[in-house]
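Sequences and hints are given; from them, build the entire structure.
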Amino acid sequence: MSISVDEVRHVAKLARLELDEAEILAFQSELNALLGHFQDIASLNVEGIEPKPHAVALRNVWADDVARPSLLRDEALRNAPVTRAGLFIVPQIIED
Amino acid sequence: MPEYVLSVGMEVHAELLTQSKMFCRCPVAFGGEPNTRVCPVCLGLPGTLPVPNRRAIELVMKTALALNCTIARHSVFHRKNYFYPDLPKGYQVSQYGETNPIGYGGFLEIPTAEGGFKRIGIRRVHLEEDTGKLMHLPSGGSGIDYNRAGVPLMEIVTDFPPDIQSPDEAKEYLAQLRQILIYLGVCDGRLEEGSMRCEPNISVRPQGAEKLGTKTELKNLNSFRSVQLGVQFEMRRQIATLEQGGTILQETRGWNEANESSFAMRIKEEENDYRYFPCPDLIPMEFDDPFIDRVAQEIPELPLAKTRRYQDELGLNAYDAGLLISDQDWADFFEKAVTLGGNPKLVCNWMNSDFAKLLNESGQWVAGERERTRVTPTHLVELVKLIESNSISGKMGKEVFAEVFATGKNPQAIVDARGLSQVSDSAAIEAWVQEVLDAHPDVVESYRTGKQGVIGFLVGQVMKRSQGQANPALVQESMRKALEP
Ligand SMILES: [Zn+2]
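Respectively, the protein sequence lines represent chains E and Y.
The opening position of the first sequence corresponds to residue 1 in our numbering, with each subsequent residue numbered one higher.
The opening position of the second sequence corresponds to residue 1 in our numbering, with each subsequent residue numbered one higher.
Honestly, I wouldn't trust all of these hints.
To be verified - Result set (DSBU-like, lysine-lysine): computed pairs, CA atoms no more than 35 Å apart in a straight line:
{"id": "1", "chain 1": "Y", "residue 1": "Lys133", "chain 2": "E", "residue 2": "Lys13"}
{"id": "2", "chain 1": "Y", "residue 1": "Lys89", "chain 2": "E", "residue 2": "Lys13"}
{"id": "3", "chain 1": "E", "residue 1": "Lys13", "chain 2": "Y", "residue 2": "Lys219"}
No lab work stands behind these hints, which were simulated from the structure alone.
The following block contains the structure:
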């Protein structure tokens, strides 16, 4: 299992990362090393072991449906670079 | 020109009627000042841990059971990864897979024009979270309100290949589904306000072709009418395109309500690469029989079962039954009256005519937050019995009912106070008939020479003499007998 330069580009694009050629090559080798580890895991004999979606043995950890106070709005907006009229402001989204 | 077959798949999103959000305890409400129902969890701040809302899980399971689904024994939440500013975490928590959603493999029945029923297969019923609301500002940039972010959202997806084959069926599916959700108390079903949203995907193929045509997805439909019109428009547009030798593009189209047409939306098609994976922050779910049974206990008699019962057991027609079940409180009122001994057909007639009209005019209702009507099921039963026993005429009944509606007094008390009782005593009626015959010998003569229509005049004279209190049917009968040679 190895990852191509194009796949690194694709993943970087999905993650909104701008990488130059040197970085792409560096990530390719890092990711391949990482995926190599999965190959080690894949070589283990797991016969008779049920697939698990999660490492912990807990099940059904839920909360009751009771509303509690939210943050004060000023507090909620505090870390935002730009706000206006109680809204988080982001650059124009070119869509629909 | 070949005949075409329409296929419509439906994706419906419904906001659940919980008190708090899906993974935090921020309140759920409609409207209000932006960003006043947010916290570190639903804003996706680092270091926070989501905890699922038990009630939301139960509500989705309740819906899945009502839609005849199989309930997953093991179910997990996944992350659906994409970047859009209305999604604070950079992923939406959802449920992926064929047998992982809380419910899968069910069906819903819709009535057909021929009076039968058609099954619409349901592929999955799963739980996810709503996004925030993005507003494009005239001054440039976009503003975001995260009040809706993290509100529990249920998605209901129909089977593939789709069972829905006409614009009417699409509308009927949505109508039935909406009514079920309201009966279950899981969603308020407000299409205009977006608490229930419908996105049909539509394709056509020539009759006999096995493979489905290329589909388009339609957005911005916020009424039953726009669903029906939108599906119809897309169907005709696609057929026209194919007829002219064109090809259908797989795309998302918006519905323009004002000029009743669809338009291609500019949507980034680059990545349907959501990289779903089980959310490591959320613990897997396991549902056992006691849990599922307890949720099943909450399911009331559903609208379709009710209409069938009203027709089969109470002898109503489909139209009347449909009116009664259109609202759960309305149906409850009817059932109470029937339980109290009211004749189902008569109670139904009064409800769907005079009662509905007066409620409509006054803005009152039989339950809930609107001004409450003074009329009780007991009133209606009493009124119906007075008419059935000929104590008052149907016409008097209307007056009595209007007064019950206005004052909340008992029908019998109103009849007594107004001296309204109907005379069905045959001796009294025969005496009035004789008086009238004696007073109008010329009219009697013309009846006997063949002008039978004059009987109406004579009956009218009797009613006048009785001050409207004679039983008209008995007068008619007695008059006819008296006129026989
Ligand atoms: Zn929150």
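Taking the hints in turn, this is what the structure says about them:
With a C-alpha separation of about 25 Å, the suggested pair Y:Lys133 and E:Lys13 falls inside the 35 Å cut-off, and the hint holds. For the given pair, Y:Lys89 sits about 17 Å from E:Lys13 by alpha-carbon distance, which is consistent with the 35 Å threshold. About 27 Å separates the Cα atoms of E:Lys13 and Y:Lys219, which keeps this hinted pair within 35 Å; it holds.
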